[in-house]
Amino acid sequence: MRNRPTALVLYNWRGQWPMRRWEHQRIFAWKTYFPGRVVFLNIGFPFSPAWITQLDPELVLVDATALTARYTRVGLGGLRRAMEAAPARARRVAAPLDEFLGLQSLRDVLVETRIDLLLTALEPALWDSVYPTVQRPFALRRFLTSYIDDRLMRRASSDLDRRSIAVSYRAWEAPAWLGEMGALKREVGLRASDWARARGHRADVAVDGERRLAGEAWIRLLAASRAVVGVEGGSSLVDPTGVLPTGAPPPPGGEGWTPPDSVIALEPEAEIRAMSPRHLEAAATRTFQVLVEGGYSGVLEAGVHYQPVRRDLSDIEAALDLSRDPRHAQAMVDRAHAEIVASGRYSWRTVVREIADQVLA
Amino acid sequence: MRRGLALFLRLRDWGAWAVIIVESRLLKAPMLRRRLGAIARLPILRRWIGVD
Chain A
1 MRNRPTALVL YNWRGQWPMR RWEHQRIFAW KTYFPGRVVF LNIGFPFSPA
51 WITQLDPELV LVDATALTAR YTRVGLGGLR RAMEAAPARA RRVAAPLDEF
101 LGLQSLRDVL VETRIDLLLT ALEPALWDSV YPTVQRPFAL RRFLTSYIDD
151 RLMRRASSDL DRRSIAVSYR AWEAPAWLGE MGALKREVGL RASDWARARG
201 HRADVAVDGE RRLAGEAWIR LLAASRAVVG VEGGSSLVDP TGVLPTGAPP
251 PPGGEGWTPP DSVIALEPEA EIRAMSPRHL EAAATRTFQV LVEGGYSGVL
301 EAGVHYQPVR RDLSDIEAAL DLSRDPRHAQ AMVDRAHAEI VASGRYSWRT
351 VVREIADQVL A
Chain B
1 MRRGLALFLR LRDWGAWAVI IVESRLLKAP MLRRRLGAIA RLPILRRWIG
51 VD
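Protein chains in written order, with our numbering: chain A, 1 to 361; chain B, 1 to 52.
Simulated from the structure, these hints should not be mistaken for laboratory data. A few of these clues could be false.
Label-pair distances were calculated between CB atoms; the ranges are [unchecked claim]:
id : chain 1 : residue 1 : chain 2 : residue 2 : range
1  : B       : Leu11     : A       : Arg311    : 48 to 56 Å
2  : B       : Met31     : A       : Arg311    : 31 to 39 Å
3  : B       : Met31     : A       : Ala331    : 49 to 57 Å
Covered by chain B, according to a simulated footprint, are these stretches of chain A (three or more residues, beta-carbon under 8 Å) [to be verified]:
id : region
4  : 30-42
5  : 48-58
6  : 154-162
Each residue gets a CB set at the ideal place from its N, CA and C atoms; glycine is no exception.
Turn these sequences into a full structure, and let the hints guide you.
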């Protein structure tokens, strides 16, 4: 191995600009924190596989966007061509998201492209069912949907009682194929909006993809808000064969929609869930988090780092009222910042170094 | 050789981002879409900037 290893990051972006902050971070954090040279290749544009062969990287990292193509009309042809051209000695790392969609094609491409290490946000208890050991010639490592970069870590934030917005929230169109968890994403925002209206507070809440915020605009909103509501990311449905209509927006909340026979509906205790990037961002801006109770990838602890509410949202008003209690709320956000953000445990710097050490050792 | 290739790939990536920004923002303006359509006569350019 040369002194400074070369990493090639394969991603596929032909979408919106600006990107959501965490998506941009997930791709480009490698540039900042990888101990070597990093080259990026956007396979959403025409490319020659010979470039990859000539580059001869020690590490090939397949970003989630390059794997997302499995359930869009783009397909995985570009990724297969790119990986075939990668040198045999290169270590191969893949970091998929939304594994509940097009699961079988994901499993197939991971084997076919000879992935060495899979970075997954799934709970370890689900690993064997999602990636059966007989079809798993790769190692697995827990990888959050996002980490904290140095800039966000250093960001100063005002005390809660100086913030002008009582509660904020954004949710995209929750498609029926997310199952009950999708409906909950919408409902939690509507209930927060109702709470603010009833109490005469200012809210900045939008669901169904309205008033989308990208880049720093989302961070600024969080930093101007006393509280933010939320729920874990994930799905109540698993689509092994890729039949869900991910390209077309089905009715929000799933009214009048029945999943195809091949789709597996999961019990609440077996749902695929993970902490969303926004929960780390809210910890970094010291915003009081009122969240539907859950595991939050083992990072956030109920009652310690966030105010939990029951899944039926019956106590969401009482939890939001606590955001107006300056001592309780300020103590909780300061604790979350110290333990999750300032500690550096969940920083891009730490995780990129650890992964590089693991695969290039 | 590798250094030249890395530079080329970096320039390509920047070019791709320029195209993404044009596609997602400026192409909403009909006048600019027409102008770009006229400029992008070469097939490779047409494919890159996604103008039909």
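Hint check results:
1. For the pair Leu11/B and Arg311/A, the supplied restraint of 48 to 56 Å holds, since their beta-carbon distance comes to about 50 Å.
2. Against the hinted window of 31 to 39 Å, the Cβ-Cβ separation of Met31/B and Arg311/A comes to about 51 Å, which falls outside the hint.
3. Our hint of 49 to 57 Å for Met31/B and Ala331/A holds, since their Cβ atoms are close to 56 Å apart.
4. Only residues whose C-beta sits within less than 8 Å of a C-beta in chain B count toward coverage, and the region 30-42 of chain A has 5 of them, enough to reach three; the restraint holds.
5. For the region 48-58 of chain A, the proposed coverage by chain B is satisfied: 4 residues have a C-beta within less than 8 Å of a C-beta in that chain, meeting the threshold of three.
6. With 0 residues having a beta carbon nearer than 8 Å to a beta carbon of chain B, the region 154-162 of chain A misses the requirement of three or more and the stated coverage is violated.
In summary, the numbered hints that this structure violates are 2, 6.
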